[in-house]
Amino acid sequence: MVLNLGFNLETLIAIAKIVGIIVAGFAVAYYIRKAVAKLLIRSLPVHISVAMAKAVMYVTIALTLFVAAGTAGIDLTGVVIAGGIAGIVLGFALQPVLSNLFAGLFLFSEKIVTPGSLIEVDNVVGTVMEVSIMSTKIQRVDGVIVRIPNSKIFEVAVKNLSAPPVRRIDFVISIAYKENAEEAYRVIKHVIDEHPFVLVDPPPDIFVHNLGSSGVEILVRVWVPTKLWYEVQKDLLWKIKKSLSDAGIEIPFNQVDLWFRTPLKIEVSKE
Amino acid sequence: MLKSSAIMVGKVFGVIRSSIAISKHRIDVMLEGEVTRYRRFDGENLARELDIVGDAYLELVPMYPVFLPKFITQYILCIFSKPIVLAPHREARVYMYLPIDFAVYVRNQTVFEIVDLFSVDPRPKYTLYGPNDQGVVARYCLTSYSFNEPEPRLGTAVSQLVIKNSTREFVTVNKVLLDSSPLRLYYKPFTWDAYTQLIVMNITSSTTATLYYEEPFKAGLVPLNDPPKLRPPKVYNRTEMLWGY
Numbered sequence: 001m002v003l004n005l006g007f008n009l010e011t012l013i014a015i016a017k018i019v020g021i022i023v024a025g026f027a028v029a030y031y032i033r034k035a036v037a038k039l040l041i042r043s044l045p046v047h048i049s050v051a052m053a054k055a056v057m058y059v060t061i062a063l064t065l066f067v068a069a070g071t072a073g074i075d076l077t078g079v080v081i082a083g084g085i086a087g088i089v090l091g092f093a094l095q096p097v098l099s100n101l102f103a104g105l106f107l108f109s110e111k112i113v114t115p116g117s118l119i120e121v122d123n124v125v126g127t128v129m130e131v132s133i134m135s136t137k138i139q140r141v142d143g144v145i146v147r148i149p150n151s152k153i154f155e156v157a158v159k160n161l162s163a164p165p166v167r168r169i170d171f172v173i174s175i176a177y178k179e180n181a182e183e184a185y186r187v188i189k190h191v192i193d194e195h196p197f198v199l200v201d202p203p204p205d206i207f208v209h210n211l212g213s214s215g216v217e218i219l220v221r222v223w224v225p226t227k228l229w230y231e232v233q234k235d236l237l238w239k240i241k242k243s244l245s246d247a248g249i250e251i252p253f254n255q256v257d258l259w260f261r262t263p264l265k266i267e268v269s270k271e
Numbered sequence: 001m002l003k004s005s006a007i008m009v010g011k012v013f014g015v016i017r018s019s020i021a022i023s024k025h026r027i028d029v030m031l032e033g034e035v036t037r038y039r040r041f042d043g044e045n046l047a048r049e050l051d052i053v054g055d056a057y058l059e060l061v062p063m064y065p066v067f068l069p070k071f072i073t074q075y076i077l078c079i080f081s082k083p084i085v086l087a088p089h090r091e092a093r094v095y096m097y098l099p100i101d102f103a104v105y106v107r108n109q110t111v112f113e114i115v116d117l118f119s120v121d122p123r124p125k126y127t128l129y130g131p132n133d134q135g136v137v138a139r140y141c142l143t144s145y146s147f148n149e150p151e152p153r154l155g156t157a158v159s160q161l162v163i164k165n166s167t168r169e170f171v172t173v174n175k176v177l178l179d180s181s182p183l184r185l186y187y188k189p190f191t192w193d194a195y196t197q198l199i200v201m202n203i204t205s206s207t208t209a210t211l212y213y214e215e216p217f218k219a220g221l222v223p224l225n226d227p228p229k230l231r232p233p234k235v236y237n238r239t240e241m242l243w244g245y
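Heads up: the protein sequence lines correspond to chains A and B, in order.
Under our numbering, the residues of the first sequence are numbered 1 to 271, in order.
Under our numbering, the residues of the second sequence are numbered 1 to 245, in order.
Only chain A is shown next, with the shape it has when bound in the complex (with noise of 0.2 Å):
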């Protein structure tokens, strides 16, 4: 049977197949996005769950003008072969982009790391300013904005110092081994007693934890709300100073006993 058109009906059902090969592809890419877009927006931000799901419609088309060429009888095995050669190559150029990549997605749906948190990660304390794909953005206590690439966060130990609600600060606090312990730890104790955030549980701990060198050390430990823990700290430190000072508490010197193997001949001048 030959239609005036001048097509045979091989042709049209080729040419109807690749058609709906592509639509059924293009309508198959565009749900995909859809359900994937949902699925990601739970655990990621929106723009990137929404690159994401373009992402995975742009291969799903790429896929189909893929099979729908097969079908029309192209050969695609050079397209496959420069295809795969180019993969690898860009695979090996964009290898640290895609760690971090991958990073970012793990912090992301872990939630490691939140804007608005105090962290330490590779010796920088800071709070986090923003989490993007690639890195995180970091305010310094001191003020200054790094940027950290993602993938390094997820291979160092990255400490959360803003999620716990409280925090415990240490002193040790060295008193001269000729004053009155017991009176020091009463010292300490009242001063901790008043600040109001010192908190009462957990329970403040004072010990003698050492015999130092140069005095008997005594180590206090205290829990603090983790928003006053910088504040508390200083406060703190210098109530106990100021208040072992007014006490007449002798805060020692480092002291160093020197003795010499042979006798020392001194010469005392008679002026």
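Rather than coming from a laboratory, the hints here were simulated on the basis of the structure.
Ideal Cβ placement from N, Cα and C applies to all residues, glycine included.
Hints may contain errors.
The calculated lysine-lysine pairs, modelled on DSSO-like cross-linking and capped at a C-alpha distance of 27 Å, are [said to hold, decoys possible]:
1. A:Lys-227 - B:Lys-125
2. A:Lys-242 - B:Lys-70
3. B:Lys-125 - A:Lys-241
4. A:Lys-137 - A:Lys-227
5. A:Lys-239 - B:Lys-125
6. B:Lys-229 - B:Lys-125
7. A:Lys-234 - A:Lys-189
8. B:Lys-70 - A:Lys-241
9. B:Lys-70 - A:Lys-189
10. B:Lys-175 - A:Lys-227
11. B:Lys-229 - B:Lys-70
12. A:Lys-242 - B:Lys-125
13. B:Lys-229 - A:Lys-227
14. A:Lys-234 - B:Lys-70
15. B:Lys-125 - A:Lys-234
16. A:Lys-189 - B:Lys-82
17. B:Lys-175 - A:Lys-189
18. A:Lys-189 - B:Lys-125
19. B:Lys-70 - A:Lys-239
20. A:Lys-227 - B:Lys-70
21. A:Lys-239 - B:Lys-24
Cβ-Cβ distance ranges computed for the label pairs, FRET-style [as the list claims (entries may be wrong)]:
22. B:Ser-206 - A:Val-156: 35 to 43 Å
23. B:Arg-168 - A:His-47: 48 to 56 Å
24. A:Pro-202 - B:Ser-205: 21 to 29 Å
25. B:Glu-49 - A:Leu-237: 30 to 38 Å
26. B:Pro-69 - A:Pro-96: 43 to 51 Å
27. A:Leu-264 - B:Asp-133: 53 to 61 Å
28. B:Asn-237 - A:Lys-241: 43 to 51 Å
On the provided structure of chain A, position chain B as indicated by the hints.
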């Protein structure tokens, strides 16, 4: 606004019309032309001084004890001086004193602003309720309870607490965690009397309890206009105690 007088000394919540003495604090208000001068003395020391210009008046009100020395939490953990042991499926109705602070509002007919806060408690303390990693910081309050309604006292609000044991075991109640947001304060004008609403504590297991904030248990009280930080939530009007009671 009336001119202040060092001789007139009021002792009341409500509009400040004269000098007021509260424990060691003294408030003086003076009207000079269009300017209202406010001064608060802590003992002999001038603790707060400000001038108010415009159509406004000052009001002394009770305040949730979470603002001093600075606001860091809205929770108040009341520790009982002696525990209450409750039989299975029984309830106890007790009264307790809740510490309160004092606030001075400057206000007109529509809006208000806190201009001063002070406390008669010389040493407020805070504590942690719950574990180190998940708990909440709360204002610490050591309190006693009674089975009969006590007389209100300066610097405290009387709170009625119904403790229900919904478990099959005996339970020992040592503490109650209050949230200043759903908690409401009420006061009786022209007195120092302050109250909270009825609070129902439902004990649901050996470690958990839920607090429900009900209606005031006394009539003729004026509700406190809550500061913005502590306006009650519209939906969630309860507190979960997850780490013991």
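* Asked: Which hint numbers doesn't this structure obey?
  -> The structure conflicts with no hint, since it agrees with every one listed earlier.
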